[in-house]
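**Student:** Each chain, written out:
2 protein chains.
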Amino acid sequence: MPQKVRIALDAMGGDVGASVVIPGAAISLTRHPDSEFLLFGDRALIEPQLAKHPAMKKVSRVVHTDVAVSSHDKPSQALRRGRKTSSMWLAIDAVKKGEADVAVSAGNTGALMAMARFNLRTLPGIDRPAIAAVWPTIRGDSVVLDLGATIGGDAHHLMELAVMGSAMASVLFNLERPTVGLLNIGVEEIKGREEIREAAELLRAMNLPQLEYIGFVEADGIGKGAADVIVAEGFSGNIALKATEGTARQINDFLRAELSRTWRSRIGYLFAKNAFKALRDKLDPNKSNGGVLLGLKGIVVKSHGGTDAEGFAYAVDVGYEMVHYDLLNKINQMLNPDGGAPPSAPTAQEAVS
Amino acid sequence: MPQKVRIALDAMGGDVGASVVIPGAAISLTRHPDSEFLLFGDRALIEPQLAKHPAMKKVSRVVHTDVAVSSHDKPSQALRRGRKTSSMWLAIDAVKKGEADVAVSAGNTGALMAMARFNLRTLPGIDRPAIAAVWPTIRGDSVVLDLGATIGGDAHHLMELAVMGSAMASVLFNLERPTVGLLNIGVEEIKGREEIREAAELLRAMNLPQLEYIGFVEADGIGKGAADVIVAEGFSGNIALKATEGTARQINDFLRAELSRTWRSRIGYLFAKNAFKALRDKLDPNKSNGGVLLGLKGIVVKSHGGTDAEGFAYAVDVGYEMVHYDLLNKINQMLNPDGGAPPSAPTAQEAVS
Chain S
7 MPQKVRIALD AMGGDVGASV VIPGAAISLT RHPDSEFLLF GDRALIEPQL
57 AKHPAMKKVS RVVHTDVAVS SHDKPSQALR RGRKTSSMWL AIDAVKKGEA
107 DVAVSAGNTG ALMAMARFNL RTLPGIDRPA IAAVWPTIRG DSVVLDLGAT
157 IGGDAHHLME LAVMGSAMAS VLFNLERPTV GLLNIGVEEI KGREEIREAA
207 ELLRAMNLPQ LEYIGFVEAD GIGKGAADVI VAEGFSGNIA LKATEGTARQ
257 INDFLRAELS RTWRSRIGYL FAKNAFKALR DKLDPNKSNG GVLLGLKGIV
307 VKSHGGTDAE GFAYAVDVGY EMVHYDLLNK INQMLNPDGG APPSAPTAQE
357 AVS
Chain D
7 MPQKVRIALD AMGGDVGASV VIPGAAISLT RHPDSEFLLF GDRALIEPQL
57 AKHPAMKKVS RVVHTDVAVS SHDKPSQALR RGRKTSSMWL AIDAVKKGEA
107 DVAVSAGNTG ALMAMARFNL RTLPGIDRPA IAAVWPTIRG DSVVLDLGAT
157 IGGDAHHLME LAVMGSAMAS VLFNLERPTV GLLNIGVEEI KGREEIREAA
207 ELLRAMNLPQ LEYIGFVEAD GIGKGAADVI VAEGFSGNIA LKATEGTARQ
257 INDFLRAELS RTWRSRIGYL FAKNAFKALR DKLDPNKSNG GVLLGLKGIV
307 VKSHGGTDAE GFAYAVDVGY EMVHYDLLNK INQMLNPDGG APPSAPTAQE
357 AVS
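Quick note, the sequences are listed as chains S and D, same order.
Basically my numbering = 1-based index in the first sequence + 6.
Basically my numbering = 1-based index in the second sequence + 6.
If you are wondering where the hints come from, they were derived from the structure by calculation, not from laboratory data.
For clarity, every value in this text was computed on a predicted model and none was experimentally measured.
Treat the hints with care, since some could be wrong.
If several chains are the same, the list does not tell them apart, and a pair holds so long as it fits within one copy or across any two.
[What the hints assert, rightly or not] Below, simulated SDA-like cross-link-like pairs (lysine to any residue); rule was C-alpha separation at most 20 Å, straight line:
| hint | residue 1 | residue 2 |
| --- | --- | --- |
| 1 | Lys283 | Arg255 |
| 2 | Lys336 | Arg86 |
| 3 | Lys230 | Glu201 |
| 4 | Lys80 | Arg203 |
| 5 | Lys58 | Leu276 |
| 6 | Lys336 | Asn180 |
| 7 | Lys63 | Arg49 |
| 8 | Lys288 | Glu264 |
All chains, please: the whole structure from these sequences, using the hints.
**Tutor:** Below you can see the structure in the form of structure tokens.
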């Protein structure tokens with residue numbers, strides 16, 4: 007582990023850019039004073055923000071570029087227009103060159119994934135990367151992946167996700183053999199897409215020492231903590247994530263409106279406000295901000311594009327922790343225990359994405 | 007519309023069977039006294055329940071069978087073992103023969119779908135059926151389909167879902183031209199699976215008079231009421247449904263536990279209990295019980311297998327309302343305005359399911 011955790015920030019990423027990224031990083035810095043920052047983006051936008059956050063300014067270096075990836079760019083456009091010049095590319099490139107330990111961006115997910123993959127390359131034995139996140143459940147936290155990096159994917163891809171996800175879970179949660187479930191629309195073996203049933207057979211047959219495959223998990227089992235690691239193809243994983251976030255937000259809004267409707271309920275709120283604070287903390291989408299791109303030769307964290315400074319701070323925290331726990335080496339060791347390819351590495355196969 | 011609404015019940019369906027089905031139907035009967043029931047199943051289990059519900063007994067006729075579809079049966083097994091003999095088949099068959107207006111079952115979804123499709127056949131212009139449900143949103147109710155009837159499906163299948171779903175929405179919500187969104191993992195046109203992008207082009211190009219296509223909707227947009235009708239392929243739709251249900255249930259449990267933890271919060275609960283009652287009503291999964299099988303020459307309603315009598319009553323209500331609103335004829339009219347095939351009916355195409 008390095009003395010300092012060096013974090014490269016795409017200061018132009020997200021709906022707002024520098025005025026969320028820098029205040030957000032400043033919040034994370036108060037929690038992790040051993041962080042250092044490399045800020046990539048338009049100096050004219052970055053400097054005024056740094057002026058407002060002197061502690062942040064002291065540990066930051068700015069690298070100017072006026073090229074930014076737009077949220078509307080297709081991955082291919084972003085690569086064509088922003089390769090070697092955009093703030094997103096440069097943040098990733100800092101990781102590649104060993105100048106930073108992790109890159110964090112709130113920019114366009116597809117572009118971030120394409121650039122990270124193009125520049126950092128996938129780990130030996132991994133065909134396609136994934137986005138994983140820590141998901142709060144009633145039993146504790148779980149790792150859920152893929153949240154939208156790769157659309158489609160065969161049984162072998164799902165097996166790779168299981169291996170990467172359990173490496174992340176064992177590192178973060180200190181588990182020797184995390185339980186792994188495959189997201190499906192029923193728990194019976196006959197249910198669901200063919201590739202999921204095949205992946206189940208594959209995981210059972212492989213009986214890997216680093217994970218315990220427990221079967222199919224339905225979408226309502228994620229929040230129950232049915233497994234330490236929930237594996238889904240990126241489309242379904244993204245649907246589950248957004249449905250959950252949306253429901254939590256709507257319930258929060260509904261309850262807030264109901265509690266302010268009458269004087270009785272306002273008094274009730276005053277008495278029970280610790281309970282509501284606990285619920286609000288539980289539902290706070292900011293706290294689960296920060297998807298980790300897994301399967302690459304470097305760590306990249308994706309923040310929600312529409313987050314505020316508090317939320318971006320959590321994404322920076324996630325990046326910090328991944329470095330702190332030395333996740334990348336640990337995943338690589340699990341995937342490639344002999345420094346070679348993992349146990350069963352068929353030929354690379356691309357799906358529509 | 008018939009004088010009485012004649013409802014065929016699979017009295018053996020669901021985790022519990024007759025002791026949920028009959029008390030549930032009895033509750034629905036109090037809300038819709040013009041219902042009549044045909045009960046299919048084991049007379050030895052049905053009669054004791056009817057004895058406890060005299061009003062229900064008065065309007066019910068029992069047809070004995072001791073064959074029941076198990077929740078573990080594959081659709082093909084269920085058809086082989088239960089065709090012409092099982093309570094599920096007989097309930098559907100009563101609709102086919104015109105002895106009932108609608109069939110309601112809490113049994114195995116795959117078997118129900120297979121039997122309904124095999125016996126009732128699909129409407130002209132529909133390749134594969136769907137399950138649709140009314141989904142409560144902050145803006146009102148939406149129709150969401152497919153919730154798991156058909157796994158996979160091409161652009162044309164999604165277009166059929168859009169047409170059926172908007173027929174249901176226009177009938178239930180009295181809308182001339184319901185808005186329709188396609189569930190996707192981003193709102194940008196470049197996002198998501200290929201068949202979804204193709205369906206978007208198809209719906210735009212067709213510019214159907216009976217629906218207004220508004221674009222992609224992310225999973226957190228469903229609960230916002232982003233469109234009157236949300237169209238998804240069955241796997242994704244089921245994931246969205248279960249993730250939403252699970253989240254709501256967990257928040258409910260969490261809040262209940264927090265509110266009873268201290269005397270302060272217990273007092274707060276007493277003052278604010280109307281607010282909590284409103285939330286509980288909003289979150290009550292029973293109230294959204296009852297998926298409608300669309301696309302068949304007959305109405306079949308699927309209840310959750312694990313529901314209680316109160317929940318099953320809602321599924322019976324849904325069946326009642328579909329008959330009451332004459333949904334089937336109205337969908338058929340929308341699909342086949344000239345009594346023929348719909349505007350663009352390519353050859354039937356089967357996907358993995």
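**Student:** Give a verdict on every hint.
**Tutor:** Hints, verified against the model:
| no. | hint | in the structure |
| --- | --- | --- |
| 1 | Lys283 <-> Arg255 | both (14 Å within a copy, 19 Å between copies) |
| 2 | Lys336 <-> Arg86 | neither (33 Å within a copy, 51 Å between copies) |
| 3 | Lys230 <-> Glu201 | neither (24 Å within a copy, 32 Å between copies) |
| 4 | Lys80 <-> Arg203 | between (32 Å within a copy, 14 Å between copies) |
| 5 | Lys58 <-> Leu276 | neither (35 Å within a copy, 46 Å between copies) |
| 6 | Lys336 <-> Asn180 | within (12 Å within a copy, 58 Å between copies) |
| 7 | Lys63 <-> Arg49 | within (13 Å within a copy, 79 Å between copies) |
| 8 | Lys288 <-> Glu264 | both (19 Å within a copy, 11 Å between copies) |
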